[in-house]
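Participant: Take a look at the letters that make up each chain.
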Amino acid sequence: MANDLILRVVTKWLSPIIILFALYVQFHGDYSPGGGFQAGVIFSSAILLYSLTYGLDAALQLIPEYILRIGASLGVLIYGGVGVASMILGGNFLNYSVLASTPVAGQHLGIIIIELGVGITVASVMVLLFFTFARRVAPE
Amino acid sequence: MSLVVNLVLLVFLLVMALAVLKTRHLFAMAMLFGLYSLLVAGLFVVLDAPDVAFTEAAVGTGISTVLMLVTLASIKDGHELVSTQKSRTAPLIICIIMGGLLIYGTHDIAELGDPQSAPHMQVAARYIEKGQEETGVPNLVTAVLASYRGFDTLGEVTVVLTAGIGVLMLLGSRKKLRIKEVSNGK
Amino acid sequence: MIEYIVGHINYWLIVAIMMVGLYTLMSRSNLIKKLAGLSMFQTAVILFYVSLGKVTGGTVPIISEEYSVYSNPLPQVLMLTAIVVGVATTALGFALVIRIKEAYNSVEENEISAMDEKE
Amino acid sequence: MEQLTILLIVIPLMVAPITALIPSEKVTWLLTLIVCLISLAISCYILYEVIDGSHVIYELGGWRPPWGIEYKIDSLNAFVALIVSAMGCLSCLFAYRSVPDEIEEKMIPLFYAAFQLCLLGLLGIALTGDIFNLFVFLEISSLATYALISMGKNRKALTAAFSYLILGTIGATFFLIGVGFLFAASGSLNTADIASRFDSFKDMQLVETALIFMVMGIALKAAIFPLHSWLPNAYSQAPSTVGIFLSATATKVSIYVLLRILYDLYPVDYWVNMLLPQIMLSLGCVAVIYGSYRAWQQTEMKRLLAFSSIAQIGYIVIGFSLVSQLGLTAAILHLFNHALIKSTLFIGAGILLYRANTTELGSLRGLGRDMPWTFAAITLAGLSLIGVPGTVGFVTKWYLLEAAVEKGMWIVVITIVLGSVLAIGYVWKIVENLYFRSKRKVHIQDVPSGDSAIARTPKTMSAALWIGAILCIFFGLNTELSFEAASSAATALLKQ
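Chains as they are written, first to last, in my numbering: chain A, 1 to 140; chain B, 141 to 326; chain C, 327 to 445; chain D, 446 to 941.
Keep in mind that the hints are not guaranteed to be accurate.
[Unchecked claim] Only pairs whose alpha carbons sit at most 16 angstroms apart, straight line, appear in this in silico EDC-like list of lysine to aspartate or glutamate:
#1 B:K216 - C:E428
#2 B:K270 - C:E391
#3 B:K216 - C:E434
#4 D:K647 - B:D248
[Said to hold, decoys possible] Part of the chain C face toward chain A, derived, beta carbon under 10 angstroms:
#5 M327
#6 I328
#7 G383
#8 V386
#9 L406
#10 V413
#11 A414
#12 F420
#13 A421
#14 I424
#15 E428
In short, the hints are calculated from the structure, not lab data.
Every residue gets a Cβ at the ideal spot worked out from N, C-alpha and C, and that includes glycine.
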């Protein structure tokens, strides 16, 4: 597939748009359908598309595996970290109300941060899954 | 109207499920499976659940189907064997009993869309009433997901991480792992 | 009677789909097909939950001034989690299938258990 | 105090992702051990606080139940959390030398991360007061378990993990269906909330079906008799460390969930006339006989122990199906006692595997004479399994017999005695092969792997084995401590 000009051009144009859409879904999830999980999966589909057209090695150059591993852990740590931060600030675990001056602002802030954590973990793990599986297909 | 759409989609879905069951060509099955997920996503839209539809479309039609295809490509085996040894009556009987039990259970379930049913009257009522006020987020699904039941979502992210770790443990090494052909010690 | 059927038929259909999934899982020997059946079974359960959240005349649970009746967000939230759990299980299952194929050179349960018994 | 309870979850949750990234087997092992020890300390403290019948309530996210998720910890929660974290410590101690021997070096950090996630999942199940949250943590522990089992050396480990994955997921999905039906009837997911409003919807068929599906799903995960088929392969093919941890905790935690459903979520008088106790009781009895008999037939030590687990689960099922304070106490006490006995025996089997590279009883002949101390500890644990006075096994069987006599169930009494006789048979089989059979020509020095380091049992392994064996005797002689905890837990369950 890597030699098909149309596919290559379309992928080049489409991937950034998909990533942009993922970012929209990520940060507009409070007002419209969507959120960290959906954004993560959409983001990973952009990378999937790229690696299907340009090959696994090219995609691995774009995003090396160790970054994905760190990302997978980082997302959970961000989420848990928000919980721990709210404990340190005197609330219960995951009580975002204490994170900002007013409870509602705190809630909103907390939700945005944890959604980001979800997005990072999901995107990393989904891409990681695909890479790990796809490596088994590559002729050795 | 939405009930009719709902029923039509459900019938399609049943047909699709039967097709997955019947087909012997595994690549065709993967495609049918993707279609099945897409239909489910459509049903979720009819049921006012765009968030779930979004996820199902991305996960069921996207990730699951892609993983299934990659697995098929990796094992290089596109056909299911016609198995004669495995008994099919026992599973059929079990499924009929389970299905019968479930239908027995749904006897006194509230009708689809009944606004007076217990799930709407109890816990959820407060989310709709005060959700935006308390969390500052108009999308109540996000509000409940991230705040009221934020701990579940933390668990969900942990599940994703666990799956990632598990798959890396299984397929992570580039070389094929040496595996003993016989049980230990023999 | 007709009212009863109209009120329940969607649940019956969902149960039927659930059981087709379960039957696929239990009666087939091919491991990939088993996983597809498992996934269909779970998806049908998810569908059941989401159906519980529907309110007639309601709309998507995103608060806005134009609407006053909303569908129930709770089952939707629960099922977002369940979908993720489902895909995580399926991914792990596929990884196991690849390893089983490498170790046994087969993905048919019958053949594999025959090989296991020989040892 | 309240914040401590959540730390039980938060610590493994924050440490596991970090563990997965550290490329050092020593550091990751140390982190895991620290996590287990801290969990043990916290759960001991919580148990100490609630043993008088009080509760610790923790509202996650600061939301009041039933809108938010709540932890409402009584002595049963704390007791189960204690079992899980104590067994975590024991298997972690054993892991120090066993894991590098069995797992590919590159995978060790991931292995320990998965181990911590499994611990996290089991602790989460043990603490939560919300049935959907329970499902989420059930899946965390299950997914980690499937991955851990598949790390076994033999290729059979892969098929064992796969069939466990299929059956475990069916079980979890059945549970989810049950939760959905209960939610359709009650509109709530909080255990206490559902229990308090139970009368308003108890006549619905939904509620009945919900109970059946939840019990079936969890029985599958707990390997209660006809649904046990995944267990023998899963436990015997898993790496030794995993086998120890799972045999001591996984089914125990599932049984705990069953107790919660039957005694807490549903009122006892709802199901006591539904034939359910009779069915469970007969399944328990069949499990005792069947499990013991199959164990006796086995020629491989780990498989023998796994079948014996099915029988021991049968005792626990008998205990709580008697529906009495005493029976319930015996069941809960046996959760702890059996965890202790089985983990000790699995540690013994793990040491034999490490030294002799096999657990086939035929190949182990006479090995006990070369390793007298290991052999002595295995024998002690074996005696506990039979139920010899002075050991933990005796304590539970005694209470169980008393409970059965109290109810006038003579068949149950006969079953328990018969089960013990069969237990003598299969424990003797181990002892006989290890000590009384003449040695085979193969000496441990020239085992197939031939490593000179293997000629000695590592200190950490011996320590784990002896801690287990001594505790078997300690809690067999000092019954007050464990009995008080179990009976307080039983009271907490029956009160509601």
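Participant: Decide, hint by hint, whether the structure agrees.
Facilitator: Cross-check of the supplied hints:
| no. | hint | result |
| --- | --- | --- |
| 1 | B:K216 - C:E428 | holds (11 angstroms) |
| 2 | B:K270 - C:E391 | holds (15 angstroms) |
| 3 | B:K216 - C:E434 | holds (13 angstroms) |
| 4 | D:K647 - B:D248 | holds (12 angstroms) |
| 5 | M327 | violated (39 angstroms) |
| 6 | I328 | violated (35 angstroms) |
| 7 | G383 | violated (20 angstroms) |
| 8 | V386 | holds (7 angstroms) |
| 9 | L406 | holds (7 angstroms) |
| 10 | V413 | holds (9 angstroms) |
| 11 | A414 | holds (9 angstroms) |
| 12 | F420 | holds (7 angstroms) |
| 13 | A421 | holds (7 angstroms) |
| 14 | I424 | holds (6 angstroms) |
| 15 | E428 | holds (9 angstroms) |
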